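**Q** Chain order of the listed sequences is A and B.
Under the working numbering, the first residue of the first sequence carries the number 1030, and numbering increases by one thereafter.
Under the working numbering, the first residue of the second sequence carries the number 347, and numbering increases by one thereafter.
Some clues are possibly wrong.
[Unchecked claim] With a straight-line cut-off of 20 angstroms between C-alpha atoms, the simulated DMTMM-like cross-links for lysine to aspartate or glutamate are: (1) B:K402 with A:E1131; (2) B:K388 with B:D373; (3) B:K402 with B:D424; (4) A:K1086 with B:E349; (5) B:K388 with B:D429; (6) A:K1042 with A:E1104; (7) A:K1086 with A:E1104; (8) B:K388 with A:E1081; (9) B:K388 with B:E349; (10) B:K413 with B:E403; (11) B:K413 with B:E361; (12) A:K1086 with B:E403.
[As the list claims (entries may be wrong)] Label-pair ranges, simulated between beta-carbon atoms: (13) A:G1045 with B:E403: 46 to 54 angstroms; (14) A:F1089 with B:G441: 15 to 23 angstroms; (15) A:P1068 with B:S366: 34 to 42 angstroms; (16) A:T1049 with B:S366: 37 to 45 angstroms; (17) A:T1143 with B:Y397: 38 to 46 angstroms; (18) B:G400 with A:E1111: 44 to 52 angstroms; (19) A:R1096 with B:Q426: 41 to 49 angstroms; (20) B:Q377 with A:S1056: 35 to 43 angstroms; (21) B:R406 with A:S1056: 25 to 33 angstroms; (22) A:E1081 with B:P360: 49 to 57 angstroms; (23) B:S398 with A:T1109: 22 to 30 angstroms; (24) B:G441 with A:T1043: 37 to 45 angstroms.
[What the hints assert, rightly or not] Just a sample of chain A residues kept apart from chain B, beta carbon distances all over 10 angstroms, derived: (25) Q1046; (26) S1056; (27) G1057; (28) G1091; (29) R1092; (30) F1093; (31) R1102; (32) E1104; (33) E1111; (34) T1141; (35) V1142.
Hints were generated in silico from the structure; no laboratory data involved.
Computed from a predicted model, the values in this text were never measured in an experiment.
Where a beta carbon is used, it is the ideal one built from N, C-alpha and C, also for glycine.
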Amino acid sequence: KAGVTQTPRYLIKTRGQQVTLSCSPISGHRSVSWYQQTPGQGLQFLFEYFSETQRNKGNFPGRFSGRQFSNSRSEMNVSTLELGDSALYLCASSLSPAKTYEQYFGPGTRLTVT
Amino acid sequence: QKEVEQNSGPLSVPEGAIASLNCTYSDRGSQSFFWYRQYSGKSPELIMFIYSNGDKEDGRFTAQLNKASQYVSLLIRDSQPSDSATYLCAVNTGGSTLGRLYFGRGTQLTVWP
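Let's have the full structure, built from the sequences with the hints guiding it.
**A** Right, here's the structure in full:
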């Protein structure tokens, strides 16, 4: 069974630009969560989607947004990039929110903002 | 704010020893607890989860949960150099935040031969 895939794996953007990251969950998984990982803050929750609906959102500014499609694939978008947005963005999938113990992470997208 | 605290480390143990990793959490309503292993440059990998008070064993790994003390730990027996990684403790508080994990900052473990 294929794991969680994320594209692109690496990205370099300039301040002020916007970026879209993509996540394809494990086949059959319908819940997708996004996390930001930085050396200073560790792993922080961004948002969670299930059945195309955002169920939870972390404490991030409105520049961070996401969506989920009917095939469970998810995208997150960051507008007006800031230097502090440089991080590893991780996507995790599970069968449903109730099955968090089956939350598997993708390889991540390394975003560098210059 | 739901806090998850881990012993800061780094932790260094010789090969064959027992490595003990600790984690405390602030939300008494927390329902499920997870240990992830993250190798440098890689994404977190789930190694254990525990829901009930007591011990749960899986091979060389044992997770221990004490909800009264709001404490969860991970023991790694017969530590191997391949266990060298950062170990992340994560907590789920259920309810409306069912799909959300709160992570500690991680403990870096080095197992030397």
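**Q** Against each hint, give a clear statement of whether it holds in the structure.
**A** Verification of the hints:
{"no.": "1", "hint": "B:K402 with A:E1131", "in the structure": "holds, 17 angstroms"}
{"no.": "2", "hint": "B:K388 with B:D373", "in the structure": "violated, 29 angstroms"}
{"no.": "3", "hint": "B:K402 with B:D424", "in the structure": "holds, 17 angstroms"}
{"no.": "4", "hint": "A:K1086 with B:E349", "in the structure": "holds, 17 angstroms"}
{"no.": "5", "hint": "B:K388 with B:D429", "in the structure": "holds, 14 angstroms"}
{"no.": "6", "hint": "A:K1042 with A:E1104", "in the structure": "holds, 17 angstroms"}
{"no.": "7", "hint": "A:K1086 with A:E1104", "in the structure": "holds, 14 angstroms"}
{"no.": "8", "hint": "B:K388 with A:E1081", "in the structure": "violated, 28 angstroms"}
{"no.": "9", "hint": "B:K388 with B:E349", "in the structure": "violated, 24 angstroms"}
{"no.": "10", "hint": "B:K413 with B:E403", "in the structure": "holds, 18 angstroms"}
{"no.": "11", "hint": "B:K413 with B:E361", "in the structure": "violated, 31 angstroms"}
{"no.": "12", "hint": "A:K1086 with B:E403", "in the structure": "violated, 33 angstroms"}
{"no.": "13", "hint": "A:G1045 with B:E403: 46 to 54 angstroms", "in the structure": "holds, 52 angstroms"}
{"no.": "14", "hint": "A:F1089 with B:G441: 15 to 23 angstroms", "in the structure": "holds, 21 angstroms"}
{"no.": "15", "hint": "A:P1068 with B:S366: 34 to 42 angstroms", "in the structure": "violated, 24 angstroms"}
{"no.": "16", "hint": "A:T1049 with B:S366: 37 to 45 angstroms", "in the structure": "holds, 42 angstroms"}
{"no.": "17", "hint": "A:T1143 with B:Y397: 38 to 46 angstroms", "in the structure": "holds, 44 angstroms"}
{"no.": "18", "hint": "B:G400 with A:E1111: 44 to 52 angstroms", "in the structure": "holds, 45 angstroms"}
{"no.": "19", "hint": "A:R1096 with B:Q426: 41 to 49 angstroms", "in the structure": "holds, 42 angstroms"}
{"no.": "20", "hint": "B:Q377 with A:S1056: 35 to 43 angstroms", "in the structure": "violated, 27 angstroms"}
{"no.": "21", "hint": "B:R406 with A:S1056: 25 to 33 angstroms", "in the structure": "holds, 30 angstroms"}
{"no.": "22", "hint": "A:E1081 with B:P360: 49 to 57 angstroms", "in the structure": "holds, 51 angstroms"}
{"no.": "23", "hint": "B:S398 with A:T1109: 22 to 30 angstroms", "in the structure": "violated, 46 angstroms"}
{"no.": "24", "hint": "B:G441 with A:T1043: 37 to 45 angstroms", "in the structure": "holds, 41 angstroms"}
{"no.": "25", "hint": "Q1046", "in the structure": "holds, 25 angstroms"}
{"no.": "26", "hint": "S1056", "in the structure": "holds, 18 angstroms"}
{"no.": "27", "hint": "G1057", "in the structure": "holds, 16 angstroms"}
{"no.": "28", "hint": "G1091", "in the structure": "holds, 19 angstroms"}
{"no.": "29", "hint": "R1092", "in the structure": "holds, 20 angstroms"}
{"no.": "30", "hint": "F1093", "in the structure": "holds, 15 angstroms"}
{"no.": "31", "hint": "R1102", "in the structure": "holds, 17 angstroms"}
{"no.": "32", "hint": "E1104", "in the structure": "holds, 17 angstroms"}
{"no.": "33", "hint": "E1111", "in the structure": "holds, 22 angstroms"}
{"no.": "34", "hint": "T1141", "in the structure": "holds, 14 angstroms"}
{"no.": "35", "hint": "V1142", "in the structure": "holds, 19 angstroms"}
Of the numbered hints listed earlier, those contradicted by the structure are 2, 8, 9, 11, 12, 15, 20, 23.
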